[in-house]
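There are 2 protein chains.
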Amino acid sequence: MARITKRSEDYSRWYTDVIMQAQLADYAPVKGCMVIRPNGYAIWEKIQRVLDGMFKATGHENAYFPLFIPESFMKKEAEHVEGFAPECAVVTHGGGKKLEEPLYVRPTSETIIWAMYKDWIQSYRDLPLLINQWANVVRWEMRTRLFLRTTEFLWQEGHTAPEAEAEEEARKILEIYRTFAEEYMAMPVIPGYKTEKEKFAGAVRTYTIEAMMQDRRALQAGTSHNLGQNFAKAFDVTYQDENGEQQYVWATSWGVSTRLIGALIMTHSDDQGLVLPPKLAPLQVVVVPIWRGDEEMERLKQAARELTKGWDEAVTFKIDDRENYRPGWKFNEWETRGVPIRVELGPRDLENNQAVLVRRDTGEKITVSQEGILEEIKKLLDDIQRSLFERARKYRDDHTFVVDDYEEFKKKIEEPGGFFKIHWCGSRECEDRLQEETKATIRCIPFDQEPEEGKCLLCGKPSHGRVVAAKAY
Amino acid sequence: MARITKRSEDYSRWYTDVIMQAQLADYAPVKGCMVIRPNGYAIWEKIQRVLDGMFKATGHENAYFPLFIPESFMKKEAEHVEGFAPECAVVTHGGGKKLEEPLYVRPTSETIIWAMYKDWIQSYRDLPLLINQWANVVRWEMRTRLFLRTTEFLWQEGHTAPEAEAEEEARKILEIYRTFAEEYMAMPVIPGYKTEKEKFAGAVRTYTIEAMMQDRRALQAGTSHNLGQNFAKAFDVTYQDENGEQQYVWATSWGVSTRLIGALIMTHSDDQGLVLPPKLAPLQVVVVPIWRGDEEMERLKQAARELTKGWDEAVTFKIDDRENYRPGWKFNEWETRGVPIRVELGPRDLENNQAVLVRRDTGEKITVSQEGILEEIKKLLDDIQRSLFERARKYRDDHTFVVDDYEEFKKKIEEPGGFFKIHWCGSRECEDRLQEETKATIRCIPFDQEPEEGKCLLCGKPSHGRVVAAKAY
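Listed in order, the protein sequences are those of chains A and B.
Here the working numbering is used: the first residue of the first sequence is 1, the next is one more, and so on.
Here the working numbering is used: the first residue of the second sequence is 1, the next is one more, and so on.
Treat the hints as calculated values from the structure; they're not laboratory data.
It should be emphasised that the depicted structure is a prediction, and the values quoted were computed from it without experimental measurement.
Some hints could be false.
Identical copies go unnamed one by one, so any copy, or any two together, can satisfy a pair.
[To be verified] Below, computed lysine to any residue pairings styled on SDA-like, alpha-carbon distance capped at 25 Å: (1) K56 <-> T336; (2) K471 <-> R145; (3) K461 <-> E450; (4) K31 <-> M20; (5) K76 <-> Q48; (6) K46 <-> E61; (7) K301 <-> M20; (8) K279 <-> V50; (9) K172 <-> A42; (10) K56 <-> P282; (11) K76 <-> E175; (12) K318 <-> I373; (13) K318 <-> R49; (14) K411 <-> A135; (15) K279 <-> G59; (16) K330 <-> L130; (17) K330 <-> G59; (18) K98 <-> A85.
Could you build the full structure based on these sequences and the hints that come with them?
Following this line, the structure appears as structure tokens:
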């Protein structure tokens with residue numbers, strides 16, 4: 001098995017090595033595209049199941065809209081087309097003929113969906129319309145990276161027409177994303193809103209959750225947009241309210257993508273390979289019976305089967321009793337693949353009616369009695385989930401700095417890097433300058449921003465609270 | 001609410017009316033494309049969940065491959081490109097520039113997947129490789145119909161490299177499709193294999209399940225292909241066997257699509273609208289409390305809530321206690337949407353400690369005691385599932401004819417139409433002539449074909465068993 005580059009040697013190669021060794025994905029022979037292999041797709045299925053449940057529990061339904069968007073639709077919302085058209089793939093031929101109107105492969109579906117909503121929404125009785133779709137989208141990317149930025153990616157995109165203003169819905173979804181990131185991905189995030197410069201093309205306001213990766217860069221893990229009445233106006237979608245008046249419909253859109261798998265990897269994995277939080281690990285426990293000779297083999301295989309009786313409903317597990325691989329090789333393989341707990345079962349363990357649990361996150365070995373082992377495993381899974389979150393939070397907090405001096409900022413953003421709480425006057429000029437001079441961007445204006453008088457890091461003009469700046473993916 | 005055209009008046013309009021009234025789908029403003037609305041997508045989710053479980057139980061894993069296929073890949077398997085290239089959508093521009101090589105939007109993914117398998121398969125230890133993907137595909141269609149034939153559709157496509165010859169795997173999957181069609185969709189099918197003319201472009205053999213719709217046309221509901229070594233040779237995919245010899249890899253591919261929703265509609269629905277088999281109905285039971293006046297309303301709403309306590313784990317249900325609609329309007333709406341059982345609960349029912357169950361499939365009303373009502377409902381759902389299947393089987397059998405005279409065939413294929421068991425010599429000439437002269441095609445050579453000496457319906461040459469011919473979707 002090939003070696004994984006150390007994070008300290010080359011972070012970017014480490015990331016790719018972790019993915020390739022765990023067989024999560026592979027480069028496709030199509031520019032900028034990836035193949036999500038079964039080990040990676042199984043994580044996406046876990047993510048989908050949890051999020052889909054959360055969306056449905058809040059009244060959202062799934063639907064499916066076309067992959068292709070006529071060019072004329074793209075052009076109806078001015079900011080939107082300006083933001084997306086340059087990165088679109090365009091179909092010009094179909095069925096052997098040149099098309100009369102080119103079709104854009106959806107980079108996001110606001111325009112095609114709002115064209116349909118025009119037919120579906122007439123009266124206040126048709127509201128709220130709360131729809132989500134799981135789909136593939138395409139954005140032509142120059143510099144791609146597995147999971148984090150690929151020309152085609154998988155995502156969910158919610159497009160809703162709430163009963164009244166969209167603010168509550170947009171915030172509700174962001175809270176779902178925050179909960180999912182922290183409680184399932186074990187990834188601490190800063191929820192907040194984007195600056196005018198960084199918001200979604202066509203939105204009134206964009207909410208975001210921002211996470212810190214192990215190279216101290218920020219990763220935008222999910223966004224939720226209050227679109228105001230911009231798309232309703234562009235597509236002329238009105239409804240008759242309870243007083244008989246025609247009103248434009250309010251809108252939100254929101255999405256998370258397979259990028260979350262990249263975030264998971266970069267938050268928890270180590271120099272041995274993938275580390276997964278138990279709640280999203282497709283395989284939570286692997287049991288490796290250890291034997292010498294054929295007689296022991298049969299006995300140990302049998303013991304592993306007996307030990308795991310009744311586990312099915314509590315954990316997902318697998319017995320690795322392959323005969324053509326040695327225990328050490330197996331240990332290494334399952335570590336590389338991020339299985340949270342390994343159970344070792346050898347002849348001496350049998351004699352002592354015990355087994356050894358090995359934590360993937362810390363490497364700690366715990367000898368436990370075979371009686372009550374399932375309870376121990378469940379507790380340990382909970383503990384791993386919790387401690388991964390705590391470890392990531394500590395890492396983030398240790399690399400979050402309050403800075404008021406631009407020279408200090410410029411130095412620290414390079415080394416060690418991290419999140420910087422800075423004062424900013426609110427002007428586009430200072431925001432642009434920050435990015436040009438330091439490659440850092442304002443990631444968000446956090447919800448928990450405290451009122452604090454200060455001076456803009458760049459121009460010295462007054463500021464009333466700190467924003468979060470960082471280099472980002 | 002608009003009226004549904006009767007089947008006897010205009011079958012094709014009836015079909016569209018059923019879909020529009022049940023809000024399963026809508027026409028998209030993109031040529032040949034459809035929007036799958038929440039009511040329709042919920043059926044697809046049920047289909048996905050069941051089939052996905054069956055695939056996984058037989059060792060298959062999900063993955064995801066790119067939407068785009070380079071033109072050069074399409075051209076590697078000669079029959080395949082000839083079959084698919086004319087109906088492809090082609091991306092010629094990306095990121096504002098003309099591409100060096102055009103990209104085909106996948107019409108099916110054999111070529112891109114086998115290009116990857118070349119890297120993934122080296123040795124017999126890498127086999128079997130059993131992968132499925134849930135994805136959208138595009139085939140440029142001239143004449144489209146909601147669900148049955150659309151330019152873009154959703155499907156699953158399995159692509160496997162079995163350990164040895166692919167025949168067993170291809171047949172195993174067809175059996176999964178047959179089981180799903182009959183036990184979940186309550187749709188009887190004829191399993192068999194396709195003629196050389198009708199098989200998949202690039203396959204050695206294509207297996208199929210064929211169902212009869214209510215207009216007596218055949219619908220191909222799922223296919224499974226033994227691809228032999230054709231794609232392995234085209235993409236040069238070999239493995240070292242246990243004796244150290246290089247061998248070409250064997251292959252299968254197989255798929256079912258959102259077309260199944262069209263099949264479901266055309267098999268069971270009636271002039272009142274959608275009829276769904278309970279196992280695939282997103283909503284199985286709707287409870288409608290009936291009241292006059294505010295005091296009764298509160299009492300009945302409360303009674304409905306009490307009646308349904310504990311139902312959650314056994315059935316999916318909803319209480320329709322909307323105040324701005326009358327009971328008759330609600331009955332009609334839920335019938336149109338195909339909910340298998342309606343429970344009516346009025347003041348007199350309360351007095352008598354009873355409720356009325358109404359079957360969607362037959363309209364039959366059954367008064368039951370409130371004690372044990374959930375057991376009654378579960379039994380009734382089973383009974384509806386079974387009797388929908390029996391009704392469909394009887395319909396098919398009543399419209400299946402053994403015919404040996406070509407003039408009789410030509411008459412009956414027009415009226416009443418149906419499945420025709422005919423002798424055929426096996427030649428392409430007679431198969432082509434049959435289609436030209438009658439628009440019927442040979443749907444399949446059924447597995448249960450009995451040896452029987454006869455003469456070809458067209459040329460009179462010897463035949464050794466009957467095939468199934470029909471007009472088809």
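Structure-based check of each hint:
1. Taking identical chains as interchangeable, the C-alpha atoms of K56 and T336 lie at most 25 Å apart only when they sit on different chains, with a minimum of 24 Å there against 34 Å within one chain.
2. Taking CA atoms no more than 25 Å apart as the test, K471 paired with R145 passes inside one copy only; the shortest distance there is 16 Å, against 50 Å between copies.
3. In the homo-oligomer, the alpha carbons of K461 and E450 lie at most 25 Å apart inside one protomer (18 Å), although the nearest pairing across protomers, at 91 Å, exceeds that limit.
4. For the identical chains of this complex, K31 and M20 are intra-copy neighbours only, at 18 Å inside a copy versus 40 Å across copies, given an alpha-carbon limit of 25 Å.
5. Taking identical chains as interchangeable, the C-alpha atoms of K76 and Q48 are never at most 25 Å apart, the minima being 32 Å within one chain and 35 Å between chains.
6. In this assembly of identical chains, the alpha carbons of K46 and E61 lie at most 25 Å apart whether taken from the same copy (19 Å) or from different copies (14 Å).
7. In this assembly of identical chains, K301 and M20 lie within 25 Å of each other by CA distance neither inside one copy nor across copies; the values are 30 Å within and 57 Å between.
8. For the identical chains of this complex, K279 and V50 are neighbours both inside a copy (10 Å) and across copies (23 Å), given an alpha-carbon limit of 25 Å.
9. With identical chains, the CA atoms of K172 and A42 are at most 25 Å apart between copies only, with a shortest distance of 23 Å across copies and 27 Å within one.
10. For a Cα distance limit of 25 Å, the shortest separation of K56 from P282 qualifies both inside one copy, at 22 Å, and across copies, at 13 Å.
11. Proximity of K76 and E175 under a CA criterion of 25 Å is satisfied in neither setting, with 31 Å inside one chain copy and 49 Å between copies.
12. For the identical chains of this complex, K318 and I373 are intra-copy neighbours only, at 15 Å inside a copy versus 42 Å across copies, given an alpha-carbon limit of 25 Å.
13. Proximity of K318 to R49 under the C-alpha cut-off of 25 Å is found in both arrangements, the shortest distances being 21 Å within a copy and 22 Å between copies.
14. In this homomeric assembly, K411 and A135 never come within 25 Å of each other (Cα to Cα): the closest approach is 42 Å inside a single copy and 47 Å across copies.
15. In the homo-oligomer, the alpha carbons of K279 and G59 lie at most 25 Å apart both inside one protomer (24 Å) and across protomers (23 Å), since each shortest distance falls under that limit.
16. For a Cα distance limit of 25 Å, the shortest separation of K330 from L130 across copies, 22 Å, qualifies, whereas the shortest one inside one copy, 47 Å, does not.
17. Taking the shortest alpha-carbon separations for K330 and G59, only the inter-copy value of 21 Å comes in at or below 25 Å, while the best intra-copy value is 45 Å.
18. In this assembly of identical chains, the alpha carbons of K98 and A85 lie at most 25 Å apart whether taken from the same copy (20 Å) or from different copies (14 Å).
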